[in-house]
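Student: All chains, full assembly: derive it from the sequences and hints.
Number of protein chains: 2
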Amino acid sequence: MRNRERILEAASRLFDERGVDCVSMDAIAEEAGVGKGTLFRRFGDRSALLWAVLQESETAFQEGFIRGPAPLGPGARADERLIAFGEGLLDHVERNGELLLAALTGVPGLRFRTPVYGAYLAHVLSLLREARPAVDLEYAADALLATLSVELVMHQRHARGIDLETLKAGWRGLVRALLRA
Amino acid sequence: MRNRERILEAASRLFDERGVDCVSMDAIAEEAGVGKGTLFRRFGDRSALLWAVLQESETAFQEGFIRGPAPLGPGARADERLIAFGEGLLDHVERNGELLLAALTGVPGLRFRTPVYGAYLAHVLSLLREARPAVDLEYAADALLATLSVELVMHQRHARGIDLETLKAGWRGLVRALLRA
DNA sequence: AGCACAAGCGGACCATGGTCCGCACATGTC
DNA sequence: GACATGTGCGGACCATGGTCCGCTTGTGCT
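As they're listed, the protein sequences go chains A and B. Numbering that gives the first Met the number 0 applies: residue 0 is where the first sequence begins, and numbers increase by one. Numbering that gives the first Met the number 0 applies: residue 0 is where the second sequence begins, and numbers increase by one.
Each hint should be verified, as a subset may be incorrect.
The list treats identical chains as interchangeable, and a pair is accepted whether it falls inside one copy or across any two copies.
[Unchecked claim] Heads up, simulated DMTMM-like pairs for lysine to aspartate or glutamate below, C-alpha to C-alpha not over 20 Å straight-line:
#	residue 1	residue 2
1	167	137
2	35	25
3	35	8
4	167	135
Hints are computed from structural coordinates only; laboratory data are not their basis.
Tutor: Right, dumping it as structure tokens:
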């Protein structure tokens, strides 16, 4: 079905023009020239539509840490990879923050049920197992990911005005402190 | 104005009966015997109404770590107080999770703009300053609080089924690892 | 008491995410 | 070509959070 593409293009266009929060589902349907029902039949809900728009960029990031070049991908030490993962995720949020934030808003806890969170968690957990810090690894993995949550990072960047490099430095410090343990 | 009390009581009653998510603003207005406009004039929005319902319990918790007995309140070492703070917050979420979750859902980033977050942040930051770990203190404070976020804790407890004691143990381990640095 | 004024209340109204059903059209069969 | 069947589309409809305005009610002055 070509409708799916038309909808995603219409949505992207409107998001660029007006910002994600100012685009209603009705507006997307109209811009795409389809009925509103079609949007919801194809995507289920608003959040899923936003994920679909993000998918390309999300896949690229995941490819990067699963199969890409070191230090993000395999080949570097676990501590270096963990640092690179956080820095990469911060960059990803820098580029796609608005969309990510909107995609996670609404249903509470959605974030954790997403396959994306599963992939991140599995990755961080496997790096922690390799690095063997003296803490509960599962707990630490959630804790580290919480530090990189879109909501927090967006708040640090835009409400508090902390610059990206400072966040990356904070992340490096945190990871090193934890792995030293 | 006695309306405020009537509304809060009606809301609490309905929340207990049906669960927070199954109670609409219209239902609260009807139960309280007031117009819907009155709800919004008094509280501004749904989230603020929920905070008002929570206020007593929230204030008690904050009193506890600001002025209460050690180790939660003043008198213990910073590391012990930080551990007690996290355990106390976990207990608080255990008791009020549903309401807290609902109160934070909706507006993204609301969590961080709340005076509650400000109070927690200031507290954690001051304990960290006292404990002097070798990390960026502001970054670490946000990171620690992110670990205790209602959304994450509720997910760990109810979707993943991790028990409260395990979370507390994880928190203790995390804090000790960080302060060792 | 009668009147002028202010406060604040109620519920009609709006926007938006999400649902649902009748219909149009494409496809397959004779 | 005519007809049966199924897919999937559109937009009316619903629920809910939030807004707004006209009116009631209480207050103070004469």
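Student: Take the hints in turn and mark each one as holding or not.
Tutor: Status of each hint after checking the structure:
Proximity of residue 167 and residue 137 under a CA criterion of 20 Å is satisfied inter-copy only: 13 Å between copies versus 23 Å inside one chain copy. Taking identical chains as interchangeable, the C-alpha atoms of residue 35 and residue 25 lie at most 20 Å apart only when both belong to the same chain, with a minimum of 6 Å there against 27 Å between chains. With identical chains, the CA atoms of residue 35 and residue 8 are at most 20 Å apart within one copy only, with a shortest distance of 15 Å there and 40 Å across copies. Proximity of residue 167 to residue 135 under the C-alpha cut-off of 20 Å is restricted to the inter-copy arrangement: shortest distance 11 Å between copies versus 24 Å within a copy.
Going down the numbered hints, you'll see the structure goes against none, and every one checks out.
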